[in-house]
Amino acid sequence: MSRAALLVLADGRFPAGGHAHSGGAEAAVRAGRITGVADLADFCRGRLHTAGLVAAALAGAAALGRDPVELDAAADARTPSPALRLAARKLGRQLMRAARATWPAPELDALAREFPKGAHQPVVLGLTARAAGLGPEEAAYCAAYESVSGPATATVRLLSLDPFDATAVLARLAPELDQVVERAVAAARRVAAEGVDALPACSAPLLEIAAEAHAAWPVRLFAS
Amino acid sequence: MTTAASPQAAAVAPATSPTATLPPEAASAARAATTTAVRAAPAADAPQPTTSAGVRATARIVARHDGRGGTALPVLAGEGPLAPRRTRGSGAEARVLLVGAMSGPLGGDRLTVDARVEAGARLRIGSAAATIALPGQVPGPARYDVRLTVADGGELHWLPEQLISAHGSDLYVTTRADLAPTARLVLREEQVLGRAAEQPGRLTSRLAVRIGGRTVLDQELACGPGAPGGWDGPAVLAGHRAMGQLVLVRPEFARAPVAARVLGEGAALVPLAGPAALVSAVAPDALRLRRLLDEALTELDRACAGPPGDLR
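Protein sequence lines correspond, in order, to chains Y and W.
Under our numbering, the first residue of the first sequence is numbered 1, with each subsequent residue one higher.
Under our numbering, the first residue of the second sequence is numbered 1001, with each subsequent residue one higher.
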């Protein structure tokens, strides 16, 4: 395993299209629920322990080689909002394109064939990590970090927040990121014996509800 | 006249087993009274279902098509705080009301409701009052597991009153509905964080719906003191104190799924990845939450009563 591969995969400039998504931050800013750094920290913390944990566990399980079709169905069941399911599949397809060019692997080809419109992004992420020779921890770290880095960067643009402050928010979440990854990987390891029901299903009602409102806006800065 | 409280009566009572000759309603009430008394003063020889780890109780309900266009209830059994009662049904549908025979769930309790609707039967289950999770004398969380099974052509309406998480309580509640491919379901769950102006306890609630062996919904919400951070923040509840889910499963949704729609500030109707629809809602209080979910259900019923293409 090359640890440097993790830096390539987790790099915000990795061409996987994540920058077009705010992780629900745009809707929360418009609703007045994020007005500054403190709200952003709270938003990111809530997202990390819900959508972030689920994404990290899915990515970890995919990196362990669990059946990606079953994992994709588990992701569907954990994403009631069709707007978010669509966003996750679009992101999955974009990541797939970048991944196949970067770390070609038969498993990636097979998943791309199975889901021509894209599989859920965390599943693709886990399989990409596997193709890059990374393990479930690395895959889970990538997914968990993305769950908070996206909203933080988006909020900088939406509220003209000081980028130093936004980065400090992410840095202060590091210990909780570690905990989430640990929980995610422990669950991912149970999938082999217990099936996908062992994966966490933590949800954030407002992320799901607001995503539907956001998808109906005529003009928006971010895709989700 | 000898009163029930006289020593003689108390001494004779166990030998003659008074509950054995009483109608089921009264017998259950007598048992509830017994367990309540035991709970107030735990004794070493405490009778079932109370144990040192709290109450363990299961309610079982089986609904069966009676062959004459109605629904029979061959099994209707309660225990401890769970007392299911048959009430007047309507048409082919049998109705059951869950009556809380004692307070709870309390810390350490383990309650289970197991309701099974057999092929072609129709059952509606409600509850007589809200369920209040309270702290108990036994440390540790309480568990409340609801298992709903509906066979082909069967229909279940699971519409209990709210679950209220009182200050200091700790409850893990799971609801799992397992449906055959042509089964129908209306399921409503409402959680309220704290009684009026009260801080909530810890509440974790997981809801999973499976149709034909495929999980179409799996959602867990954790909130209150000790829950992972951010639960009350802008991504999760943002200060709302009541949240609810309304799940509808209808085979015809496979052909004509509902269209996703926002229902005001804190609620959305969405099609799930399967023949099911979900209304997810948050509200400042239980009253406004119920209004949201009631409106959504009425509208869905109206849409579904029309031709299949009229589901919006």
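Just so you know, these hints were derived from the structure itself, not from any lab.
One or more hints might be untrue.
What the hints assert, rightly or not - Cβ-Cβ distance ranges computed for the label pairs, FRET-style:
{"#": "1", "chain 1": "W", "residue 1": "P1139", "chain 2": "Y", "residue 2": "A193", "range": "27 to 33 Å"}
{"#": "2", "chain 1": "W", "residue 1": "T1298", "chain 2": "Y", "residue 2": "A186", "range": "42 to 48 Å"}
{"#": "3", "chain 1": "Y", "residue 1": "R97", "chain 2": "W", "residue 2": "A1053", "range": "29 to 35 Å"}
{"#": "4", "chain 1": "W", "residue 1": "Q1137", "chain 2": "Y", "residue 2": "A4", "range": "53 to 59 Å"}
{"#": "5", "chain 1": "W", "residue 1": "D1294", "chain 2": "Y", "residue 2": "R97", "range": "32 to 38 Å"}
{"#": "6", "chain 1": "Y", "residue 1": "A186", "chain 2": "W", "residue 2": "D1145", "range": "21 to 27 Å"}
{"#": "7", "chain 1": "Y", "residue 1": "L7", "chain 2": "W", "residue 2": "G1226", "range": "54 to 60 Å"}
{"#": "8", "chain 1": "W", "residue 1": "G1213", "chain 2": "Y", "residue 2": "T35", "range": "32 to 38 Å"}
We put the beta carbon where it would ideally sit given N, CA and C, even for glycine.
Do the hints match the structure? See the list:
Against the hinted window of 27 to 33 Å, the Cβ-Cβ separation of W:P1139 and Y:A193 comes to about 30 Å, which satisfies the hint. Distance hint for W:T1298 and Y:A186: a CB-CB separation of about 44 Å, consistent with the stated range 42 to 48 Å. Taking 29 to 35 Å as the suggested C-beta distance range, the pair Y:R97 and W:A1053 does not conform, at roughly 54 Å. Evaluation of the 53 to 59 Å hint for W:Q1137 and Y:A4 yields a pass: the beta carbon distance comes to about 56 Å.
A C-beta distance of roughly 46 Å is found between W:D1294 and Y:R97, which places it outside the suggested range of 32 to 38 Å. Remark: the range hint 21 to 27 Å for Y:A186 to W:D1145 is upheld by a beta-carbon distance near 23 Å. At about 36 Å, the beta-carbon gap between Y:L7 and W:G1226 misses the expected band of 54 to 60 Å. Distance hint check for W:G1213 and Y:T35: the Cβ-Cβ separation is about 46 Å, which falls outside the suggested range of 32 to 38 Å.
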